[in-house]
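Chains as they are written, first to last, in my numbering: chain A, 57 to 171; chain B, 839 to 949.
If you're looking for bench data, these hints aren't it; they were derived computationally from the structure.
Treat the hints loosely; a few may be bogus.
[Stated by the list, open to error] Using 20 Å as the maximum straight-line C-alpha spacing, the simulated EDC-like pairs for lysine to aspartate or glutamate come out as follows:
no., chain 1, residue 1, chain 2, residue 2
1, A, 65, B, 876
2, A, 65, B, 909
3, A, 127, A, 110
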Amino acid sequence: DGGITQSPKYLFRKEGQNVTLSCEQNLNHDAMYWYRQDPGQGLRLIYYSQIVNDFQKGDIAEGYSVSREKKESFPLTVTSAQKNPTAFYLCASSRAFPGSDYGYTFGSGTRLTVV
Amino acid sequence: GQQLNQSPQSMFIQEGEDVSMNCTSSSIFNTWLWYKQDPGEGPVLLIALYKAGELTSNGRLTAQFGITRKDSFLNISASIPSDVGIYFCAGGSGNTGKLIFGQGTTLQVKP
């Protein structure tokens, strides 16, 4: 079955370390997105990519970086510059851009805890 | 920027009761979507609305796209324990190409 896979489910890192979250989809979707979720704050867009080798900053891109070398993959790196990285991170994909016409398919999330 | 106001923030109801939640915005949207998120999982699309005034049902769920294109509501009839979770509305404008999400309504159902 087609889907979007995020790994790992839980991630613990020491303060000051960079960490990369994986997101892979086999839905043949063109667009991919990264969201951050904090309690009571809904979903905030970090980065998005419409096509391979292209991506744009979302609303809270500072302290994060992404790459889109393959259509299927959109990894997110949380750098040491991110002041408050502990959160639940969600990856999503959509058939085309704008994905608002089709809806997004979400992964099951990665919970990052920085100690 | 565009924002969605989703209410209520949380609901605690008895099994069998009906539930209603809504989203409003000062901006016009071309698409309204409703998602449900189970604890520790990603949101799953419940209903998508594409036309002003559209009323769509999916089992016990009913959602409507407001005539003004600035609001939408979701109703759940005869709630059951597995309805527990966070419900998000999302609006798509087409211009920005991105979905704008509400802050979510947390639903708890008492058996």
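Consistency of the hints with the structure:
{"no.": "1", "hint": "A:65 to B:876", "result": "holds, 15 Å"}
{"no.": "2", "hint": "A:65 to B:909", "result": "violated, 34 Å"}
{"no.": "3", "hint": "A:127 to A:110", "result": "holds, 10 Å"}
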